[in-house]
Amino acid sequence: MSLPKQIYAELEQIVGAEYISDREYILAGLRHAMPSSPVKPLSPAAVLLPGTAEEVQQIVRVCNRHGLKFIPTVSSLIGFAYPTALNTIILQLKRMNRIVEINRTDRYAVIEPGVRHGQLRTELMKAGLSYPVAAVGPGGSVLVNFACSSGDNHNQHGASRTNRYILGVEWVLPSGEMVRLGSLANDAGWFCADGPGPSLRGLVKGYAGPFGGFGVITRIAIGLDEWRGPAELPTEGRSPDYKLRLSPDRHKVFIFKFPTLDRLRDAMIEIGKAEIGQAVLKYFNATAALLATQSANDFWELWESGLFQRELSRPLYVYLATHSAEETAYEEAVLREIVAETGGEEVDPAIRAIYENNMDFFILVGFLQRVLRLGGAWAPAKLSADSVHHMFEIGKAIPEFLEEFAAKRLIVDAPDNFQIISMEYGHLAHIELLFLWDRSMPAWGEIPMQVMARSHETEIRHGHHGSMPPRSMPMLGTLGPLYSNCHIWSEKIREAFGTGR
Amino acid sequence: MLAPDVCSAVGEELSRAVGAENISDDAAQLQSCSFDYSVVTGTCPDFIAYPHNKAEVREIVRIANEHHVALVPVSSGPPRFHGDTLPSRGGIVVDFSRMRRILKLDAVSRCAMIEPGVTYGDLVPALEREGMRLNAPLAPRANKSVLTSCLEREATLIPKYQYDYMDPLLTVEVIYGSGEEFRTGSASGPGSPETLKADKVNPWGPGAIDYYRLLSAAQGSMGIVTWAVVRTEVLPTVRKLYFIPLENPQQMCAPLDALLRKRVVDECLALDNTNLATLLAEDPSRDFAALKAALPPWTVLACVAGYQRRPAERVAIQEKYLTDICRDLGLRAQTTLPGAGGLEEEVLRLVSGPWNKEPYWKLRRSDRCHEIFFLAPLSKAGYFVELMRELVAQSRCPELDYGAYVQPLVQGRGAHCSFLLPCDSASESEAEAVRGLFLSASQALAKKGAFFSRPYGPWADLAYRDYSDGAAMLKTLKQIFDPNGILNPGKLCF
Ligand SMILES: Cc1cc2nc3c(=O)[nH]c(=O)nc-3n(C[C@H](O)[C@H](O)[C@H](O)COP(=O)(O)OP(=O)(O)OC[C@H]3O[C@@H](n4cnc5c(N)ncnc54)[C@H](O)[C@@H]3O)c2cc1C
Chain A
15 MSLPKQIYAE LEQIVGAEYI SDREYILAGL RHAMPSSPVK PLSPAAVLLP
65 GTAEEVQQIV RVCNRHGLKF IPTVSSLIGF AYPTALNTII LQLKRMNRIV
115 EINRTDRYAV IEPGVRHGQL RTELMKAGLS YPVAAVGPGG SVLVNFACSS
165 GDNHNQHGAS RTNRYILGVE WVLPSGEMVR LGSLANDAGW FCADGPGPSL
215 RGLVKGYAGP FGGFGVITRI AIGLDEWRGP AELPTEGRSP DYKLRLSPDR
265 HKVFIFKFPT LDRLRDAMIE IGKAEIGQAV LKYFNATAAL LATQSANDFW
315 ELWESGLFQR ELSRPLYVYL ATHSAEETAY EEAVLREIVA ETGGEEVDPA
365 IRAIYENNMD FFILVGFLQR VLRLGGAWAP AKLSADSVHH MFEIGKAIPE
415 FLEEFAAKRL IVDAPDNFQI ISMEYGHLAH IELLFLWDRS MPAWGEIPMQ
465 VMARSHETEI RHGHHGSMPP RSMPMLGTLG PLYSNCHIWS EKIREAFGTG
515 R
Chain B
13 MLAPDVCSAV GEELSRAVGA ENISDDAAQL QSCSFDYSVV TGTCPDFIAY
63 PHNKAEVREI VRIANEHHVA LVPVSSGPPR FHGDTLPSRG GIVVDFSRMR
113 RILKLDAVSR CAMIEPGVTY GDLVPALERE GMRLNAPLAP RANKSVLTSC
163 LEREATLIPK YQYDYMDPLL TVEVIYGSGE EFRTGSASGP GSPETLKADK
213 VNPWGPGAID YYRLLSAAQG SMGIVTWAVV RTEVLPTVRK LYFIPLENPQ
263 QMCAPLDALL RKRVVDECLA LDNTNLATLL AEDPSRDFAA LKAALPPWTV
313 LACVAGYQRR PAERVAIQEK YLTDICRDLG LRAQTTLPGA GGLEEEVLRL
363 VSGPWNKEPY WKLRRSDRCH EIFFLAPLSK AGYFVELMRE LVAQSRCPEL
413 DYGAYVQPLV QGRGAHCSFL LPCDSASESE AEAVRGLFLS ASQALAKKGA
463 FFSRPYGPWA DLAYRDYSDG AAMLKTLKQI FDPNGILNPG KLCF
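Just so you know, the protein sequences line up as chains A and B, in that order.
With the first sequence counted from 1, adding 14 to any position gets you my numbering.
With the second sequence counted from 1, adding 12 to any position gets you my numbering.
With the rest of the complex left out, here is chain B (with noise of 0.2 Å):
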């Protein structure tokens, strides 16, 4: 918390930057920044500022810097997992919910330009209107920022699309945490945003230096970025999905690695039946049991798609390429889902867009959940899965009905495995126990080569603890771009 006099200078100076209306200190507001679904513990912030547009970022982060206040940036709405967002010294939380427009969508250079608070709520069906469509996470919320999802690199469904860890984002404006403006790649010049007439969808540079990567999974710790440039794919006019049964999870790489070394699919994942149960069940309540009972242990999603052109013969010479690979595995692809027949459609729909339902499909077996998720080659995600269920069976809830899932990734040469522990808090032993196993799993984990490339909260530690001339350097570089740390501090290696 402030000192009372800082704190009533700040609010004032707040409420001349963006307008009393704007902010907000509210005691349950404030309260509810302070703890979201993570094992993260998070303090009240004194103030929530609503900025507009750049110039009102830009005056929030002087007033910052002159009073060292800290500033968390929250793009999303609720509910948040990682912790990332949870003041760890009060300040100010800056929420972007009201700098929401799709500033361009441009379906010949296919891209959208888009402020923080817009959502895959809002851009999805705007791009699909275009004809385009984006390289999404598996079912993001419909509040989920789409700045900041590309921003933390999250792992998206199309590996085709994916040319390194940092796709679908192409090139950002940002206030750095020194309150001077930024802007990379092909957008940074020559000239002002106005006068440029680049499309601005080069991210590399300017000059020998990735900017936009300095900036990722930074959780808004070097630079808030006030407007970004997403790449956009053509929406499909021909869409076939195919299910692929797999006994066990060492199964899954082959086929996946067969097909993305060919390019054949778009969207692909593997999916055990507790979560593609927890995802397609009507009422998780009522049904979720025998969903699961009845799918195989395994499934991976395979989607072929034609566009504008030919799309039918398109999709025919892919689904050749699906099928031959497949028997030559000795698997089966097959357009029915199996054990639960009928619920294609529903599955196609998943893939495509937000997930549009309360609660979030996370959140449908219990009322919280922790998700332990980090990258590895496709090649070792079996053995990370099977590892997974020798540690949940070693712990002290060893009946969890845990979910995995694996998305392929950047062609298919890495993958983002995911564990979802689903944990009551009904019951405080059942909780402690959860939360117990998030952490030692994650440990166990990455001992085994799990790669937390986007270390939230405790993983912090895991990434950090051993690579302390790679968080010196990352130290050197906050120093450069937040000189007085004001930009989310407590979070990484600062």
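Just chain A, same shape as in the assembly (with noise of 0.2 Å):
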């Protein structure tokens, strides 16, 4: 449905006709939202590409005026950056791409929407600096990932998620407003997140983002950390079939299969008491197959061989990146005596070579969107965090709720395709359950929800913080009260500031 003309015409009137559409062609590429999701996707009305955070700020007044709802978005790439009500348009973020500074002395770099991690991190090495990219891969938007959506990433044991990154915040309200939080409210520059007084940065972020619920952010700084790399990456051969090594002095890749999880969770968590590694995690095994092949066919060869299933069903991946050949070696010793005491043994070194030759997995995750190929689809059941040692908990009951949906088929069998991610040095972890089922089933779109009450049940009964309180609001009515009440808070704050979708 598009929209009436005089509401067209006041839009077009901010970005200009060239920036703004509703023909149906445009629109119909606005309509395909996941595979993974059984939803028919609802039309936009139109779509706009502002150039500036004032454009936003004048559209969000009009949509105010006229009742329209608004979804900002950049790469699209989750279900929530889909319209799910008539009347609402879509706002592309992609022009706003600017990388407005990057203060190499203070830490760190405003960018706006649009600025990619492909973009940024490699302007960023040039400079001797970095920050932990998410595993959505390069084209994923920095300032989405920071500020609006989720932020685990595969560096998070060295650093952190990327949420703890935020610093001065540019934000256009539900009201269209524009807000400035933190120390750019007193005009005291982009360093800091929180302040003056209550820090209403609280109302961006939580564990994870509002999903474009909440306004529009414009601009943000985020905080930069060393880059332990060359000023650029060093690639061979052309994709896919590249590699990207760096030198062993300083970066250092390790994989090591454990016992059990109880032993697996004690070496990691040792690992982080002792402050060494910067990436340390418990991947996920069909994940791993999918990342390590190139179609679906060699995908399937691999998993049938049972290779992943035999030797990465409980391993530890672990990045050493130091500041010399030194400190290489004294972390690689310690390591090496906490992996003996916690009775670990290397893996198959064909698998250890597969990340050794690529350890872009530990920096831009280049090809990630490999686990969307097989066809089918996937969905998360467990995303939360909390100590490694609950984290390891939540891990071991999932074949609990699980290993009933593989009995019957209806997902792929793969119980150990969870990951936990070391953060701060082990000061918590995160968790995140991936499973894959085959959309050529009937009624495959029951299947995640299945997988997800049944996942919930259990946590419940075990006192488990494995998923953080869903943005659904019939699933937060149920679970709300199970989880201090939030969904009566988070409404009442809502209601109070208003929320564009």
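There's no promise every hint is true.
[What the hints assert, rightly or not] A few chain A residues that face chain B, going by a derived Cβ cut-off under 7 Å, partial list only:
id, residue
1, Asp120
2, Ala199
3, Cys206
4, Gly209
5, Gly220
6, Glu240
7, His404
8, Gly477
Since the hints were derived computationally from the structure, they do not count as laboratory data.
For clarity, every value in this text was computed on a predicted model and none was experimentally measured.
Note that CB positions come from ideal geometry on N, CA and C, so glycine has one too.
These two chains come separately, so use the hints to put the complex back together.
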């Protein structure tokens, strides 16, 4: 359904005729939600490409005047970027792609929403700086990952989740007002997110972001870490057959396997306490097989060989990135000591070689979209964080609810396809369970809902903090009371400030 | 002051709620709650209540809502410096000194769960016994509440353990001004605190809101926190303290920044000779002046540490980085305190735990003091130190021997800058001049970009004067969490 002419004209006046469209063939492209979603996509009423924050403000005001909803988006990789109601316009922010400032001294970068990981990381490496990149890959928006969506990443053991790195924020509220947060509020620069006084930054993002449901973030500064690699990534070969190896003096990859999850957990905790390592994670094994292969057939061949189930059901991936060969030797010695104590063993060298040859797994995750390739669909059942210890308790309980789905052949039989990533030197960890199912099954749309419901039941039974309260109101209504009534508080806040969606 | 009938009704209900022995209306005690070392003018509360548990806190909040009586939560013992605990219109001071249990010490998940009355004097030794330590501020007073220090985002000494300005606070249980109870982050659920097995160390959420941030630096005006989980760290087995003498404050940024980029040092800060001598003098009235004269104008303190595995090897690697960085910058890193050899152990103690002597170190050279503190990028700290020198020189007390220190924060991406202005109440004119300097310098510094992120007392005006949209949002939140405005009214923009 397209917009009434007069509203279209109002919006056109803001962005110019070139940057607005309600043509059917353009909107058709914005109706494609994720293949994993059984929901029939609705069409947006129009798509706009604003170029500045002021334009965003004006658009939001027009939307408010005419009762339109709006969804800001950049790469639209996730379902939340698509309309769930009629009379919704898409604010495609890809034109707002300026790296406004890279401050080498104070270690921050100011960016607009359209800046992608591939763009920013490349610039930053030249300045000897970096930040933790989510596994979404080089095409994802940096700002969106940091301020609006999730934020877990392979490197968060020696760094953190990206929400920790948000500094100053410029935010167009659902009312169309622009507010500046943190030090920016008092014209003191971009360096701090919190204050003055109670931190309004708390409204921008919690464990997850509001996924476009709470105004539009038009600029943020993110904190930067030192980059311990070269100014340019040394690649050999051509995509998808490229290799990316960094100097073994300072960059080393290890993969160990453990006899039990408890032993693996103990190793992760000890590595954290020793403050060594850049990335420390128990990675997914089916996802690893998808990343290691170039076609669906290759994947099935590898998966059915059983190698990744045998070697990677309880793996510990460790990536060391240091400042000197001496420090690498020290970290390796400590690591080997811990692994020996906890009963770990090296995995098949061919598997380790995959990651030694493609260290981008720990840097930019160049080919993550391969996980979307199977033709079926995947979804996360667990997604949360707490201590390393607690995450492993959750991991151990996964077979309790997942096995029945595999037994009925509703999902791929991959009970170990979960990751636990250590964060902030093991102070906490994140868990994510991915399950894969076949879309040619009858009533396939029910499968994810059933898996998630059983996952929740198991968590409630055990008192496990295995998933943060979901965003959908019906589920929140049921689960919110179990999570300190957070649904009531978030609703009060949304009511007070509006939403936009 | 409350009207007599309200006062007696509140008094009766309070004694039913917490027991008559746990409330006070003793005039001298009430009077002592009405002033502190700040420039804020307070009023006398009508009662002091000493709750022992959450149920009692909930009752107090209910009574306050019913009678529209102000509540001022206080967790630390005196001396107090910011005016945040001074009642603006009487009411009830809720004193948490009797809610002082350490609920959990967890060396595996590295955290401690504490009630509001737990002090640095309580927690630091308890953690040490478990092989842990806290990332704490510089020499906090022993009776300072750990919970409120974290909640108020006080600057801590080990920047590498700070991922943002909220650290080391993790999760909290709070009774909002509305009387409703809430738990943040992974303490939220599922289920009750008794059935929840999580270690409550994930601070974010629940959901898309960081509720703990909304409570931070709120001076108790959003909710009353009844316990908090704070992050702890492994206690080093080997530590080595280095001193980097500096001729001027502009030199501090380069070494601190280079060290923190590499995550080399643990505790680190830069102090001028006034503050360092104040902290180290055995008897300031006797040896402060000589000590100050002997010390370099500024000294960077930087501690390297090894933990439980191969600690000596770790320290050796870190020492090499530290000495190389200093050498490349034309600076010298040494293990003896320049100008005051022999006091090294004392310095290490100073950065490792609370201040245990009397009086508190900020009151060692005078019976009153005012402190100006704010945040800035580390690269601007030197500039602000110089600016403060000019401001003092132009003030009515140009000879004031004020102290300065700079603590890098959050991996060294920011810094806490502090200026301690001593002032003797014996001389009214001096006290007046220093007070004037405190106010005018705060304004001038803010104008130049000093960020008063915790805007106590008169700083609230600096922070919110030109930030009406943010202030309006805060007021909207206040309306949600404390609809009757009972919690510490008159603070911030409320
Ligand atoms: C294969 C795959 C792997 C992934 N792996 C990870 C991972 O490892 N870690 C991780 O953190 N995430 C991951 N994600 C999730 C998500 O895609 C990322 O968080 C990503 O950063 C989102 O960026 P985007 O450019 O794709 O945003 P979009 O898809 O364009 O938007 C994401 C959401 O943010 C909202 N939004 C966009 N712009 C704004 C704005 N300016 N202001 C307010 N709201 C806005 C949108 O409405 C939408 O709801 C993954 C996604 C996929 C498809």
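Does alanine 199/A hold up as a contact with chain B if the rule is Cβ-Cβ below 7 Å? holds (5 Å)
Is the interface hint for aspartate 120/A satisfied, with its Cβ closer than 7 Å to some Cβ of chain B? holds (4 Å)
Satisfaction of the glycine 209/A interface hint, Cβ to chain B closer than 7 Å: holds (3 Å)
Can the hint on glutamate 240/A be confirmed by a CB-to-CB distance to chain B that is less than 7 Å? holds (4 Å)
Interface hint check: glycine 220/A, Cβ to nearest Cβ on chain B, cutoff 7 Å. Holds or violated? holds (4 Å)
Minimum Cβ distance from cysteine 206/A to chain B below 7 Å? holds (6 Å)
Minimum beta-carbon distance criterion (7 Å), glycine 477/A to chain B: Holds, about 4 Å.
Against chain B, is histidine 404/A within 7 Å by beta-carbon distance? holds (5 Å)
Of the numbered hints listed earlier, not one is contradicted by the structure.
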